[in-house]
Each structure stands twice: as structure tokens, then as C-alpha cells.
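2 protein chains.
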Amino acid sequence: MGRWQPNARGRLEEAALDLYTERGFDQTTVAEIAERAGLTERTFFRHFADKREVLFGGQDALLELFVTTIAEAPDSVAPLDAVAAALEASAPVFADRHRQARRRQAVIAANPGLHERELSKLAAMASAMADALRARGVGETAAKLIAEAGVAVFRVAFERWATEEHPDDLARYIREAVDELKEITAAG
Amino acid sequence: MGRWQPNARGRLEEAALDLYTERGFDQTTVAEIAERAGLTERTFFRHFADKREVLFGGQDALLELFVTTIAEAPDSVAPLDAVAAALEASAPVFADRHRQARRRQAVIAANPGLHERELSKLAAMASAMADALRARGVGETAAKLIAEAGVAVFRVAFERWATEEHPDDLARYIREAVDELKEITAAG
Numbered sequence: 005m006g007r008w009q010p011n012a013r014g015r016l017e018e019a020a021l022d023l024y025t026e027r028g029f030d031q032t033t034v035a036e037i038a039e040r041a042g043l044t045e046r047t048f049f050r051h052f053a054d055k056r057e058v059l060f061g062g063q064d065a066l067l068e069l070f071v072t073t074i075a076e077a078p079d080s081v082a083p084l085d086a087v088a089a090a091l092e093a094s095a096p097v098f099a100d101r102h103r104q105a106r107r108r109q110a111v112i113a114a115n116p117g118l119h120e121r122e123l124s125k126l127a128a129m130a131s132a133m134a135d136a137l138r139a140r141g142v143g144e145t146a147a148k149l150i151a152e153a154g155v156a157v158f159r160v161a162f163e164r165w166a167t168e169e170h171p172d173d174l175a176r177y178i179r180e181a182v183d184e185l186k187e188i189t190a191a192g
Numbered sequence: 005m006g007r008w009q010p011n012a013r014g015r016l017e018e019a020a021l022d023l024y025t026e027r028g029f030d031q032t033t034v035a036e037i038a039e040r041a042g043l044t045e046r047t048f049f050r051h052f053a054d055k056r057e058v059l060f061g062g063q064d065a066l067l068e069l070f071v072t073t074i075a076e077a078p079d080s081v082a083p084l085d086a087v088a089a090a091l092e093a094s095a096p097v098f099a100d101r102h103r104q105a106r107r108r109q110a111v112i113a114a115n116p117g118l119h120e121r122e123l124s125k126l127a128a129m130a131s132a133m134a135d136a137l138r139a140r141g142v143g144e145t146a147a148k149l150i151a152e153a154g155v156a157v158f159r160v161a162f163e164r165w166a167t168e169e170h171p172d173d174l175a176r177y178i179r180e181a182v183d184e185l186k187e188i189t190a191a192g
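These protein sequences, in sequence, are chains A and B. In this text, residue positions in the first sequence follow the working numbering: the first is 5, and each later residue adds one. In this text, residue positions in the second sequence follow the working numbering: the first is 5, and each later residue adds one.
For reference, chain A alone in the conformation it holds in the complex (with noise of 0.2 Å):
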């Protein structure tokens, strides 16, 4: 074990963030990052296992905890409301990440390989939280709606949480966009 480092996860999250911003993902090396952030490879390595996973090994614990959650949720809370009580329990995770969330959005934007890879993580998301609503007696094509439906709130609310400036709470654009989309298939 090397010397304590105080916040090195954090530090070279930023340190990424900069260089993948900067000069783009694939142009930006480990050895880089670790030196932008006055730390060692070997350092890197103890937090992430590769340049990929400083931006999605955030989603990993996200959908672990959309999953835990529609697993608790008491027996009479509707499907739905499972699933957006899973969704703004993400909200304090988020809280004082938004400078990064921003980051990350425009840098996965910018590289069609990090987009994909943004997808199928979110696919995988909507895998899992149907496989939750299932184990809660959800029916096979309510469960997949429910947990589509569940993500393309989560997109939606996240990317207006991560585009304002002075965003309020991701919780309040979370309930917005399950109010909305309540609304849209009531009036279809």
C-alpha cells in the first residue's frame, strides 16, 4: 500500500474529466491522468480499472440502488411509483456531483464508442429493474414497460437537471417528468 492519499478517487476523476475534455477520451492516456493529478498509475489503477470506468463506475452502485429499492418498496405502492421512488433515490448521490454530471454528459456526447457504452449501460438498468418489479409479481410486458418507461425518465430528468445552470434538486425533475409522462399517456 502507497502512502495515504487524501481524496485521490476524487482528484483523479477531475484530472480525467479535464483531459478527456480537453484533448478527447482517446486521445487521453492512465499515465496522464495520474500525473495531471500529481498521483501515481498504481494509484489509478486502485480506484478504477480503466480510463472507461472513471466515467460509468458510478452506474454500477446507480442500478444496484434503483434495484435494492424497487426490492423494499411495501407491497401496495403501484409498479410505477416503485420505480420513481427508485429514481429520486438517486437524487443525493447527485447532489454536490453536478459540475462532474455536466462533464461527463458533454464528453460521452462528444465520442460515439462512450455513447454506446452509455446505452448499453442504461439498458442493462432497465434489465435489472425489470427482473426487481418480476420478483414483486410484476407481469413480463408491464414489468419491461415499467422499467423502460423508468429510464427514459431518469434520461430525461437527468439531462435537464445536468443542463440548467442553477438546478434545483434531481429529485424535483425526477417527479416532473413522472407527472408528465402520466399526463401524456392519460390524454393518448
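The hints are simulated quantities; they were obtained by calculation from the structure and are not laboratory data. A few of these clues could be false.
All copies of an identical chain are treated as equivalent in the list; a pair is satisfied when it fits inside any one copy or across any two copies.
[What the hints assert, rightly or not] In silico SDA-like links for lysine to any residue, alpha-carbon gap of 25 Å or less:
hint	residue 1	residue 2
1	K186	R56
2	K125	G14
3	K55	T25
4	K186	D173
5	K55	E184
6	K186	V111
7	K186	T145
8	K125	D64
9	K186	H51
10	K55	A75
11	K186	N115
12	K55	Q109
13	K125	L43
14	K125	D79
15	K186	L21
16	K55	E39
17	K186	A114
18	K125	T33
Given chain A, put chain B in place with the hints provided.
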């Protein structure tokens, strides 16, 4: 121009699906597809840009059909119903393509790269449908949500249709999924 080849495109598609199923997509070359179809590589490239386009070429036509149908729906039609009509309009395209659709699904499911490509195509579809809805005066957030929900409906319906041994018309599965989406969101 070479000699006229009756249904060259269909024969090439059949040969490609055979080989992708037998050997895997990555292990198949264009030369082998042409040979299996009894045609030349030159003929292959007259119909498809590459071996991936055999699987994804149809999606561009589908996107076009969705967008046009949404654009042409009367103003009185609610946005979600315009999307539902667009999705249903695709049913005739697939009427005699059940066997191909099933095999295509299996090939894509077996290959992560193709699966990412599929997700990317579906995301482009959602994005184009959202644009078509905005052109009808639907708000930003609503347009995205309806388009994403529409793609989710299509995926779920298409998968049900493709999975069944002797399916009914695809339009029926689409209508059922739309109805289920409405029920879900009304209950939530």
C-alpha cells in the same frame, strides 16, 4: 451491371443469417456469404455496404416510416396515439419476415457488439421520433418521453411477436403494449 439476379438481396440475407447462426457474426466473411448465396461479392456490395448492414439496413427504412407517419397524423391525434399509429404502420413490413426476424434477434443477442449497435439504432429512432413530435408542437420533455416510451413499446411488442412460434399480426402486439403502458401509468 452484372446479370440480373432474381431476389439477390433476399438470397444474400438468407445466406448471411445462415452463416451468422452457424459460425457467429464475427467469424463470417462477405466472400462466404456471397458464395453460400451463389452470387459474387460484387453483387453483395451492390445491396449492402458491409456484413453488418444485412442486419441493420432495414432500420433506416423503419425510422423513415415512423417519422413520416407521425408527421402526417392529423393535428387532432394525441401525441402518444400518433406514435402508436406509426409503430403499427410497420406491421406490413414484417408480415412475411417472421422467420428472418427471429433469426436476426438470436444473432444480435449472441454478439455484444451487435447488441450495442442495435441499442444505438433504437436510440436514433427515439431521437428522430422526438424531433417529429416537436415539429407537431409537443414540448421538449414530453416529446422525449413519448418517443422513448414508443421505442420501448415497439421493442417489447416486437420481441413478443418474434418469440412466438405462430404469432398474430405484429400490430396486435403493438396495440396491446400501448394499452398496457396506459394502464400502468394510470395505476401508478
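So, going through the hints one by one against the coordinates:
In the homo-oligomer, the alpha carbons of K186 and R56 never lie at most 25 Å apart, since the shortest distance is 36 Å inside one protomer and 38 Å across protomers. Proximity of K125 and G14 under a CA criterion of 25 Å is satisfied intra-copy only: 22 Å inside one chain copy versus 34 Å between copies. Taking identical chains as interchangeable, the C-alpha atoms of K55 and T25 lie at most 25 Å apart only when both belong to the same chain, with a minimum of 13 Å there against 34 Å between chains. Taking the closest pair of Cα atoms, K186 and D173 come within 25 Å of each other only inside a single copy of the chain (21 Å); across copies the shortest separation is 28 Å, beyond that limit.
Taking identical chains as interchangeable, the C-alpha atoms of K55 and E184 are never at most 25 Å apart, the minima being 37 Å within one chain and 41 Å between chains. Taking the shortest Cα distances, K186 and V111 never come within 25 Å of each other, neither inside one copy (32 Å) nor across copies (36 Å). Taking the closest pair of Cα atoms, K186 and T145 come within 25 Å of each other both inside a single copy (18 Å) and across two copies (13 Å). With identical chains, the CA atoms of K125 and D64 are at most 25 Å apart both within one copy (8 Å) and between copies (24 Å).
Neither within a single protomer nor between protomers do K186 and H51 lie at most 25 Å apart by alpha-carbon distance, with minima of 41 Å and 44 Å respectively. Taking the closest pair of Cα atoms, K55 and A75 never come within 25 Å of each other, the shortest separation being 32 Å inside a single copy and 42 Å across copies. In the homo-oligomer, the alpha carbons of K186 and N115 never lie at most 25 Å apart, since the shortest distance is 33 Å inside one protomer and 36 Å across protomers. In this homomeric assembly, K55 and Q109 come within 25 Å of each other (Cα to Cα) only inside a single copy, at 16 Å, whereas the closest approach across copies is 32 Å.
In this assembly of identical chains, the alpha carbons of K125 and L43 never lie at most 25 Å apart, being 29 Å within a copy and 40 Å across copies at closest. Taking identical chains as interchangeable, the C-alpha atoms of K125 and D79 are never at most 25 Å apart, the minima being 28 Å within one chain and 37 Å between chains. Taking the shortest Cα distances, K186 and L21 never come within 25 Å of each other, neither inside one copy (36 Å) nor across copies (41 Å). For a Cα distance limit of 25 Å, the shortest separation of K55 from E39 inside one copy, 14 Å, qualifies, whereas the shortest one across copies, 42 Å, does not.
Taking the shortest alpha-carbon separations for K186 and A114, neither the intra-copy value of 32 Å nor the inter-copy value of 36 Å comes in at or below 25 Å. Proximity of K125 to T33 under the C-alpha cut-off of 25 Å is restricted to the intra-copy arrangement: shortest distance 23 Å within a copy versus 30 Å between copies.
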